[in-house]
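Asker: Working from the sequences, and respecting the hints, build out all of it.
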Amino acid sequence: MATSTVPAPPPVPVAPPARRVGLSVDGQAVKVPEGSTILDACSALGIDTPTLCFLPTLTPVNVCRVCVVELEGSRALVPACSRKVEEGMVVRTDSRRVRLSRKMVLELLGSSVDMSLSPEFASYAARYGADPGRHGPMAPPAPAGERDRAHAGHHRPSPPGTAATVGQPVKVDNDLYVRDYARCILCYKCVEACGVDAQNTFAIAVAGRGFEARIATEFDVALPGSACVYCGNCIGVCPTGALMFKSEHDMRERGEWHEERHSTTDTICPYCGVGCTLTLHVQDGDIVKVTSPLEGDVTSGHLCIKGRFGWQFVQNRAEGEGRGARDPD
Amino acid sequence: MDLKPVGALATRAEQEAVDDLLASLEGAVLERDGDGVHGGHGARGGLAAASSRRHLLLPVLHAVQSRVGWISEGALGYVCRRLHIPPAEAYGMASFYALFDLEPRPPVVAHVCDDIACMGSALSASLAGSPLPDGTAWVPSPCLGQCDRAPAALVLRAGRHPMERALTGLSSAGEVVETLASAAGSADGVAPAGRSLPPLVPQRDQPGAPELLLLERVGRVDPTSLDDYRAHGGYQALRRALALGPEGVIREVTESGLLGRGGAAFPTGRKWEAVARAPERPHYLVCNADESEPGTFKDRVLMEHDPFAVIEAMTIAALATGCEKGYLYVRGEYPLAAARLESALEELRRHGFLGEDIWGRGARFDVEVRRGAGAYICGEETALFNSLEGYRGEPRNKPPFPVRSGLFGRPTVVNNVETLVNVLPILSGGAAWYSGLGTPQSTGTRLLCLSGAVARPGLYEVPHGMRLGDVVELAGGVAGGRRLRAVLLGGAAGAFVGPSELDLELSFEGTRAAGVTLGSGVVMVFDETADLGAVLARIARFFRDESCGQCVPCRVGTVRQEELLQRLMAGRSLGSPEEELQLLSEVAAVMRDASICGLGQTAASAITSALERRLWEAN
Amino acid sequence: MFGAGGGTTSYKEVEDTDLIILWGSNARETHPIFFHHVLKALHRGARLYVVDPRRTSSAQWADAWLGIDVGSDIALAHTLAREIVHAGLANRRFVDHATTGFDDYLGLIEPWTLERGEAETGVPADLIKELAHAYARADRAVLCWTLGITEHHNGTDNVLALINLALLTGHVGRYGSGLSPLRGQNNVQGGGDMGAIPNKLPGFQEITDPAVRAKFETAWGVTIPPEHGWHLSEMFEAMERGELTTAYCIGENPAQSEADTIRTERLLQGLDLLVVQDIFLTRTGRLADVVLPATAAWCEAEGTVTSSERRVQRVRKAVDPPPGARDDIEIIYELARRLGHDWGEPSAEAAWDELRSLSPMHAGMSYARLEAMGGIPWPCWSEDHPGELYLHSRLWEDPRRGRPAPFSMVEHEPPVDVLDERFPIRLTTGRRLDSYNTGVQTGGYSSPMRRGETIDLAPEDALRYGVGPGERVLVSSRRGQVEVPVRVDPSLRPGLAFMTLHFQDDVRTNFLTIDATDPKAGTAEFKATAIRVDKLPAPARAEAAGEKEPHGTAPPRPASVPEPAAAVAPGRGGSWT
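Protein chains in written order, with the numbering used here: chain X, 69 to 397; chain R, 940 to 1558; chain S, 18 to 594.
In short, the hints are calculated from the structure, not lab data.
Just so you know, not all the hints are guaranteed correct.
Said to hold, decoys possible - Using C-beta positions, here's what the derived DEER-type ranges look like: (1) R:Pro1043 to X:Pro228: 49 to 59 Å; (2) S:Glu351 to X:Pro81: 45 to 55 Å; (3) S:Ser374 to X:Ser184: 47 to 57 Å; (4) S:Pro340 to X:Lys314: 54 to 64 Å; (5) X:Gly141 to R:Leu948: 52 to 62 Å; (6) R:Gly1013 to X:Glu188: 57 to 67 Å; (7) X:Asp318 to R:Pro1043: 35 to 45 Å.
Unchecked claim - Residues from chain X that keep clear of chain S, each with C-beta distances beyond 12 Å, as calculated: (8) Ser104; (9) Arg143; (10) Arg165; (11) Glu328.
Virtual Cβ for every residue (Gly too), placed ideally from N, Cα, C.
Answerer: In structure tokens form, the structure reads like this:
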């Protein structure tokens, strides 16, 4: 094995370079590799496009529609996040129709969902002049379980003069994470992360229909009775804080969550030998949350229960005493 | 897949329902159950999706629902084990459909239409006060496709011998109660209400009325007899098609100028040609019979009264486009249509008109009937594919279009029933003759569903280009000599026109020029006594209830639209009336411009058209 | 493999391969994120075969599951090989070009007909044939294994038998084809890389090579004994003989993790001096004369670890250790200082740079590059080298570089702990998704899936022994016995039972296991114990139900065992000032 010569890197098959496709976005010509999306083309031109349901590591579902753009020849607006570029496309990202649609999508979400923990929402709303309040005062939240029992094709109207919301109590049914569906914009990311895009456990799916559509386990059983394996990959992709570490939820409830005091450090998971990068979020000397970088090619941002939640022993050991220790392979 | 089973156990009846259905599905690819040594690949989906069992989910859930009356946790768990589907996904799918119950309910249930054609009778309001027999219940329902015989209801009884019966022309809540009682009491079904119903094709008896092309056999042939169908010209078109060959058929259809009757008006010949040329195999044919547009009943009449014609047309389409497998997706609320099609298919297979070697000519084709389960959205073609595949009926993003990636991700021809049936006269009479009918841009005839305040409601067939006023007159004009208030064209996704627009030419180009649509052929007439505000509110409720919920503009926009209409009707606006109308128009704009599919894109069109024409204010 | 101990392939290649074999690995639960890469391959259309005595959650994703009898892996490998050869599917070009010993190998495998293979392994002949053909015909194939292969008395031979298969088919040394041992812990690979094995110096440099020794001796200013040291099991044998009297245990809990606990504890207690350096006061720590409280290396200290794809990655300090606990490097530097060697200021990066100067395979991995590239797989010869995604491409080069790869003449040997009328059930052990090893770390969080130790029995066996779910039973082996509740698991075949090692404070599974070890790697045969299951008498069952004490019959702790000095107990500090 030891040798003084430096061999060339081994041959790794590389795909031939992609054909490049030319299109025009807001009057600027741009060429991007075939298979790129309009969103990619916008990024290449430095055009900032709002997105909520998009994540590079997941299959685009194009359901939030906040990224819509105007495409010449297309009757309706098209989602930038999933629409593949074609030669000669003429795209407008800031037309009156686009701005109106984006504003309205933000209003519709803001008037029906608690967006207060979405990092981007407020700035998007300001940018497009969205005023969710003009749809009326938010209706009172539904009692626990009511939205989960809704029958497709039937709905209970909200009190006259109010705007219906997805408001409901937080679901707390285990020690690791909570589900606050009053914050859920139904972006499908958690379902994708639980499903074919990452974990393939399929513990949750979209259930119901229309405004009563919701993320659910089968028959809304509590997570410990479901197929959930607590990888927390749903938390990792949730854009609105609907899915949250229980520890974070509890700290927020107690007013102890101070994101401005957080620091993050990347390290490697202490368990099996796969070598997953953990980003430790530390507040006042304590680990309070664990994520994994999306761009990491080992994890693509996904972890298992041990990586996501198994760090607590580090902090527990100061108080109590441990039992065993590390073991042989 | 490593699935975690549901804890609860299925009852014997639930297991039997599933087992019986799976045993009866000859030809369906059934892999070994999950406890063997194999099984991973088929269950994983992807390219193997077509051979996995996932696509059986819809029929299996139907089997449980119609046997037990609802789908329990144990039943769903058993279904998941047999089909190798994650329980959460199966639940997500089951809870998408209005005809599936996931909570216990009585074995006999009446679905009572309170949609725009039936709401005038206030049947559901009077039912609300009626005591019901034990073991029965009723629920309000969107349009049941019986609008010419309004008001209507659909009575379902679960059990070993399930019953599904449409009740039409109801005169009182008492009739519904009576039917519920007899269904609950008898094991063998109920006697049909003895009442004389209006003729199926009213124009047949009218001197001077346009000739019938598509409806020629309706009401004249025995819909259960292949021989009778053949005696009335059936299967001449297929004979011609075999002589022409696939390219010849596609040329005829293209030259006929036939445009799709499902609403999008796409040239049928071009669609067929695209699939015929697609290199990827297999190709699939889908007949979209999920006719759910409020006010529409034309496809139901064709399927119930001329089922062989639908299948002959499918056979021609399949041979022309290289499909060996066809699916006929019938609305769940059309039990008679499904039964007649099933019986026709059996008859055809017996006679070698379908199967491995049609007429000994080496052609292979067969059709499977699949029933919807109460979801308007499944009439959208890509939602329909998802439904067939065993998923929630959520539309897919287009492109890719079905001709490239449709059912099971394969090139797929999807045509509406009426479109397909047009192929028969095109082949029998020739493209040149057919394209001479109607107008140059809208060839052939059009089925129109006349309902509401006309003297002779029913299904009409007229050449494209006829004046709206003449069509209303053909149906006897406004009933009772009352004044015309408005006509809803194209259904809930269509548009209202006013009395001043009776010169409108009913053709693709004529309606397009007027900014309206013929859609699914709905011509629903409202007279001066109609409560148009309530009709608009019902349309708003319809879209809210039928939105699949996938995209934000439609999911929330339909809610905000309904709330706005409620506020307008109650006269308690949030801001000034102008502000409310501005808000409504902005909600309409985002639904129209940014929704994924046609449902959201048209959810505001009827309401907007009525407001623009100030039809409602005249009330 | 063939010199340096590490997987030949990368996770990325697993995504791009055509066929994956998981042999003695339940990666779905034990390496969940590696399994994500497998899943990507499956969704792309790759096939998966799982060889495992249990029908695990991994096996449920497989095209076929080969339910093998515990300890018959070599028999299966040889049967596969014979079928491949007889079907004309051996890669003769690769075999001729890059291997030695093929003719002997042919002789070795010739008796292993499908019939004999089925009889010896319990795997139906048609499945063996299916896998043989699928593996040999695949354009790309990756063969992965874990402790199901290595935790046997002949674990090294098991690995060699699998390597033979890769050589026979040419599934090594090309993109997407390789061998991948999945490491059980985050730095098992790194331990080997750093020379923490008896026969190698850092960078897998042979300790018996005088030139290698000379290089290290010059750098370190010491003389390095020119012979192989002891591996763990040999150390315990040496304790038994009285040759080993002092042990310094860093981050290891042999009192709970070693097989045959009763013997292990006795030997540790008999040492003249036992020093334990750990982040917890473990059971081993309780036996120690001196306990050195350490930091959690992955979040309280700087350093590197090496993953199963040979990727060296940085661990970083994110939080402060509890008072009194010190970085392992700092402890060792301090120890050196007190022993009269001042190494200066302790620094992880300085130690790493020293390694780079001595280990050519690590030479190009500066901290700056590790940071920038998110880790680098070895070998990485220089600072302009990207590290190698996969190993042994040299075997395909023409002319071939380096030594040819030898076929290994390994024979099937059944497990040492034989089944008989007294001990008729084969107990195998393994991990669950949410727990890890002896549960010391995973015990720190509340997993909704955790359900305590059970003995998992096949439904047929539960019926045969008249025991039901939740019932406490007495499980005995030739070495010890434990009481534990029954869980009925349909994924087990009759005659096979399963337990974990996660709950040793409650159920000391290692009272049962055998310390028959692999003479080459020193790994104990955790995977194959002969046991019996007995119903408890009714009163005992009732009494046991409410009992919380750990179960397991062991000699009482001798009064002479010193408790660790309070001053050095973890979390108390004080001794370092």
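Asker: Indicate, hint by hint, whether the structure satisfies it.
Answerer: Against the structure, the hints:
{"no.": "1", "hint": "R:Pro1043 to X:Pro228: 49 to 59 Å", "result": "32 Å, violated"}
{"no.": "2", "hint": "S:Glu351 to X:Pro81: 45 to 55 Å", "result": "50 Å, holds"}
{"no.": "3", "hint": "S:Ser374 to X:Ser184: 47 to 57 Å", "result": "54 Å, holds"}
{"no.": "4", "hint": "S:Pro340 to X:Lys314: 54 to 64 Å", "result": "28 Å, violated"}
{"no.": "5", "hint": "X:Gly141 to R:Leu948: 52 to 62 Å", "result": "56 Å, holds"}
{"no.": "6", "hint": "R:Gly1013 to X:Glu188: 57 to 67 Å", "result": "44 Å, violated"}
{"no.": "7", "hint": "X:Asp318 to R:Pro1043: 35 to 45 Å", "result": "37 Å, holds"}
{"no.": "8", "hint": "Ser104", "result": "21 Å, holds"}
{"no.": "9", "hint": "Arg143", "result": "34 Å, holds"}
{"no.": "10", "hint": "Arg165", "result": "37 Å, holds"}
{"no.": "11", "hint": "Glu328", "result": "18 Å, holds"}
Of the numbered hints given earlier, the model fails hints 1, 4 and 6; all others are met.
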